[in-house]
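Can you make the complete structure from the sequences, with help from the hints?
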Amino acid sequence: MTITALHEWLLERPRALLAAALVLVALAAMAAGFRLRVSADIAEMLPADAPAASAYRELLEVFGTFEKVVILVRLPAGREIPADRDPVTDAAVLLEEILSASPHVAEVRAGIGADDERFFLEHLVPRAALFLPEGEMVARVGDAIRPEALAARARQISRRFQLPGGEFLTPLLVRDPLGFADGLPGLELSGWGLQVDLLSGMFRSADGEAALAIVTPRSGELDAAMGRELREVLDAAQRRLRDEVDPELELLAVGGPLYAAEDETLIRRDLEVTVTSSMAACTLLLMVAFGGWRVPAITVAAIAVALVWTAGVLALGTGHLAALSLGFAAVLVGLGVDYCIHGGTRFVEASHAGLAPRAALDRAVATTAPAILTSALTTAAAFGVLMLSDLRPLAELGALVAVGMLAMLLATFAVGGPLALVLLRRPRRAETFLWRWTGALVAGLTHAAERRPRATLLIAAALLAFAVPGLLRLRFDTDLRAIRPAEHATVAAEHAVAEAFGLSLDTATVLVEGSSTDEAFAASRRAADDLREALGAGASVESPTDWILGPGERAARLAALAELPLGAAADRFEVELRAVGLRPEAFSAGLRALRELGHGRDPAAPREEDLPSFVHESVHLEPDGGALLAIHVRLGPGTEAEVPAIQGVLARAGVSARVASTRAVAAELGALAVRDGRRLGALAGLAVCLLVLLRFGGRWGLAWRSLVPVLYGTTLTLGFWGLLDARMDLVSVAVLPILVGIGVDNGLHVVHGATRDGDFGGATRVAGRAMVLTALTTAVGFASLLMSSIPGLRRGGALVAVGVVLCVLATVTLLPALGSLRGLSHGAADPGEAS
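Residue numbers (my numbering): 8 to 842.
Heads up, some of the hints might be wrong.
Here are the simulated distance ranges between beta carbons [said to hold, decoys possible]:
#	residue 1	residue 2	range
1	H502	T283	29 to 37 Å
2	D578	E129	21 to 29 Å
3	G149	R482	38 to 46 Å
The hints are simulated quantities; they were obtained by calculation from the structure and are not laboratory data.
Glycine is no exception: its CB is placed at the ideal position from the N, C-alpha and C atoms.
Following this line, the structure appears as structure tokens:
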């Protein structure tokens, strides 16, 4: 059964057909409502076998990621802190109390807590000698216990006690009288390398004007629902802080759940704005063109039905879509409207010629259905190839548009046709201004191309030569921010945190695994030491080996220290303390630890329950005796985590490790996108060519002519894009098949028309008005993406909006010019197409 015969059969029962379509719409809407889920989770985007992606996924699965919610507490700029009280510290203390009571918070730390201080003073400071660098430990301890060094140290302690604020050093000095803890990275105890105010124990900025709280949420870092609830908690906390502490206090918060919540809000807003504006603009354009509401109403109804069907099919399939893929719902509007425009234009033209509605509809279907069918199949094939991509957003985008285009094809005939019979019994016969203008534009361009074909082709060649250098300048942008909303309110908070605390939220995590605990700890210590040396003072490198030792390493270090006369040194130091007027009994904890080390015993080894949370978050012990340790590398603001540099340091240290970083994932995703773009682009092009060739029964001459506009228009678009120094990203790669589908659609309508009467110029004039209208509506549909908050969607919308215009211009000029050169514009048969 041909598509024309199927159409005639369907139109015998239009109302029954519309009822069946509505039933399917209801079922699809129910399926979409219950099963379709939208996700912005980066972990779900990652391919399974890519190294950086694998490391990042392992970090998420094992440690739940290192990212926290960071809350900055501050007064307005320029506001001085009163001398009699400190509202910033008071607010930080109260904020910690408020958030600790929240069911959404697993832990909050605004400074050194009681458990942290206990671990610091009881389990780390007294045994600080064990954490000295491996090659320096024995020498540094030996130098510290020389008689003259002990006497100098006693005098130094005495002077420290006499300085202002010296009493705050007492807990540290009495437990580590020889100063082995000075400068050890693990003694910052914040887990983030933050400054701690000695008076309050809170995390404070260097100028004292801001405080910081670090929150561990109870759910994943990209849980949007948690982010919304946490935002409500923070808003309530800010109101309470202003009521009870200071009316000008403000909280600035950044972190995974907050990003996810704002991502979701912005994406939903984008979807509403882009789809609504796209539908409204296309509808208005069609009303102006067709001089009434009936054809636009039929078009909107068919598109709406197709969109719901698409959502239902996808819900019954995978059940979820990446947020980036959902952003292309507006694309389906721009593409799907083409079919109704071609059919509606031919219907109106036939009505103007005096045909009755049913006869006009039959003619419209007979003249447009073959090209529409081929166009839908080629577009679906071009996008369907993306389903083979390793990148989930591209694969889901391919499924979305492939299913959507087939749904648009079905809705055009199953809904558009019956509605046309119901609504268009008395079509308008007067031509609107836009109707006349588009016809005149096509006629003028076609006539000029036919009269001066060589000049037309020379101009086209010159433009192509001008654009080709731009192709060589195209660069691929791997920044994942291109596919996430850019208008985050949290961006200002992130800058404020970086400015006040020198804290970058960009973290690379080195995952070090060992078949035994000793192997993992030894490798982690080498890696941390070498990374600190290579990255410099501006970097923060936090390793669990700063706070705990592996069993074998601890035994070896204890044995080495047992060779030194530490017991005699403790006795001698008591004498030196008395000599400067200090009581040795006050230093009993530190002296006892020194004597224990001299006997080869660990004076205060912590149990597992003694370890603070930030240590637990970095150590994972395997049931088989192995261990996985996480070293967190955080560079200063304005710097980039150079994953290859980190890997180079690890290689020189002889440490086999994986580096988990969003930047590494971004680079990997970019490389995969480029690879998939080349591989799948070639496959999509081959599929389109084969379908077009099959449609024309293997006649190469007709097939290549139908492809000329899309090849030329796409090349010109990308060339100009490169000349403007605009970058390609994941979205730009994804929209290229759209240009292929639209460009092929134009060429198909002209070539199909030319096969009936051998006149390319005439076929262009007949199909031209519809092509211009479809280009305008498609450009409007994609231009709506310029309102998106996702940078990649904005670039993709601009790319396609320009590309479709260039493709239609190529169609109405190049095909008539080529036809004129081959002697086809006046009805001569093409010898290459003779059967």
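Hint by hint, here is what the structure shows:
no.	hint	in the structure
1	H502 with T283: 29 to 37 Å	holds, 33 Å
2	D578 with E129: 21 to 29 Å	holds, 24 Å
3	G149 with R482: 38 to 46 Å	violated, 57 Å
In this structure, only the earlier hint numbered 3 is contradicted, and the remaining ones agree with it.
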